Amino acid sequence: MLARRSGSQQRTRRFNETRGMMDSMTMTATMTRLDNWKEIRQRFEKSKHRRQFQFGEAEREYVSSRGMDIIRRHASDFVRKRLRPANPRNDGRQTPTKGHPVFIAQHATATCCRKCLSKVHRIELDRPLTDDEAAFAVNVIVQWIADQMNTPST
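Mind the numbering: the sequence shown is residues -17 to 136 in my numbering, read in order.
Calculated directly from the structure, the hints in this document are not laboratory data. As the structure is a computational prediction, the values presented were derived from the model and not from experiment. Each hint should be verified, as a subset may be incorrect.
The calculated DSSO-like cross-link candidates involving lysine-lysine, where the alpha carbons are at most 30 angstroms apart (straight line), are [unchecked claim]:
no. : residue 1 : residue 2
1   : K63       : K28
2   : K97       : K30
3   : K28       : K97
4   : K63       : K30
5   : K28       : K101
6   : K101      : K30
7   : K20       : K97
8   : K97       : K80
9   : K101      : K80
10  : K63       : K97
11  : K63       : K80
12  : K63       : K101
13  : K20       : K30
14  : K28       : K80
15  : K63       : K20
16  : K80       : K30
17  : K80       : K20
Distance windows between CB atoms, simulated [what the hints assert, rightly or not]:
no. : residue 1 : residue 2 : range
18  : T133      : S47       : 15 to 21 angstroms
19  : K30       : R104      : 33 to 39 angstroms
20  : T112      : A40       : 32 to 38 angstroms
21  : K30       : S135      : 17 to 23 angstroms
22  : Q34       : Q76       : 29 to 35 angstroms
23  : E43       : D108      : 38 to 44 angstroms
24  : G38       : R104      : 30 to 36 angstroms
25  : G49       : G81       : 15 to 21 angstroms
All residues carry an ideal CB built from backbone N, CA and C; glycine is no exception.
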């Protein structure tokens, strides 16, 4: 029999999921790589190229209207199709720079192609991503989006 959660536990979990935060119930082994999110984020902020990617009102509205669960599914789907294979087709050019909030997040977090994953996150080229590596890429994307949603528009 499943244990029921109290109302406050349910509200807290929904709040965390809505904001894209990863609570203890959704963490995976890859979270050890994400444990130091501040350090990872600082690396992106030092890069002039990565810093140029920010959400506008259209992206904020898109995320707000669909919710973080849907955005996470989109990110997972894009990573599975475009990054997971050992040698993706058009690597380095397969992720557009606009058109979907996840695409912007991928460029901002160096999860846009296998070359960037290798250079910034030290994930080997020429082999398929493991489940943990794919989950790490999705978690980085979702965490960056959550940060953007919690940052005032400029």
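Checked hints:
1. K63 <-> K28: holds, 29 angstroms
2. K97 <-> K30: Holds, at about 18 angstroms.
3. K28 <-> K97: holds, 19 angstroms
4. K63 <-> K30: Between K63 and K30 the Cα gap is close to 28 angstroms, so the pair holds against 30 angstroms.
5. K28 <-> K101: holds, 15 angstroms
6. K101 <-> K30: Holds. K101 to K30 sits at ~16 angstroms (cutoff 30 angstroms).
7. K20 <-> K97: holds, 23 angstroms
8. K97 <-> K80: holds, 19 angstroms
9. K101 <-> K80: holds, 22 angstroms
10. K63 <-> K97: Holds. K63 to K97 sits at ~16 angstroms (cutoff 30 angstroms).
11. K63 <-> K80: Given pair K63, K80 holds - Cα atoms ~18 angstroms apart, limit 30 angstroms.
12. K63 <-> K101: holds, 20 angstroms
13. K20 <-> K30: holds, 17 angstroms
14. K28 <-> K80: Since the Cα atoms of K28 and K80 sit roughly 22 angstroms apart, the hinted pair holds (cutoff 30 angstroms).
15. K63 <-> K20: holds, 28 angstroms
16. K80 <-> K30: The hint holds at about 18 angstroms.
17. K80 <-> K20: holds, 25 angstroms
18. T133 <-> S47: 15 to 21 angstroms: Given about 18 angstroms between the Cβ atoms, the range holds.
19. K30 <-> R104: 33 to 39 angstroms: Violated, since K30 and R104 (Cβ atoms, about 21 angstroms apart) do not stay within the stated range.
20. T112 <-> A40: 32 to 38 angstroms: Cβ of T112 to Cβ of A40: about 34 angstroms, so the range 32 to 38 angstroms holds.
21. K30 <-> S135: 17 to 23 angstroms: Check passed, 21 angstroms falls within 17 to 23 angstroms.
22. Q34 <-> Q76: 29 to 35 angstroms: violated, 19 angstroms
23. E43 <-> D108: 38 to 44 angstroms: holds, 39 angstroms
24. G38 <-> R104: 30 to 36 angstroms: holds, 31 angstroms
25. G49 <-> G81: 15 to 21 angstroms: With a Cβ separation near 19 angstroms, G49 and G81 satisfy 15 to 21 angstroms, so the hint holds.
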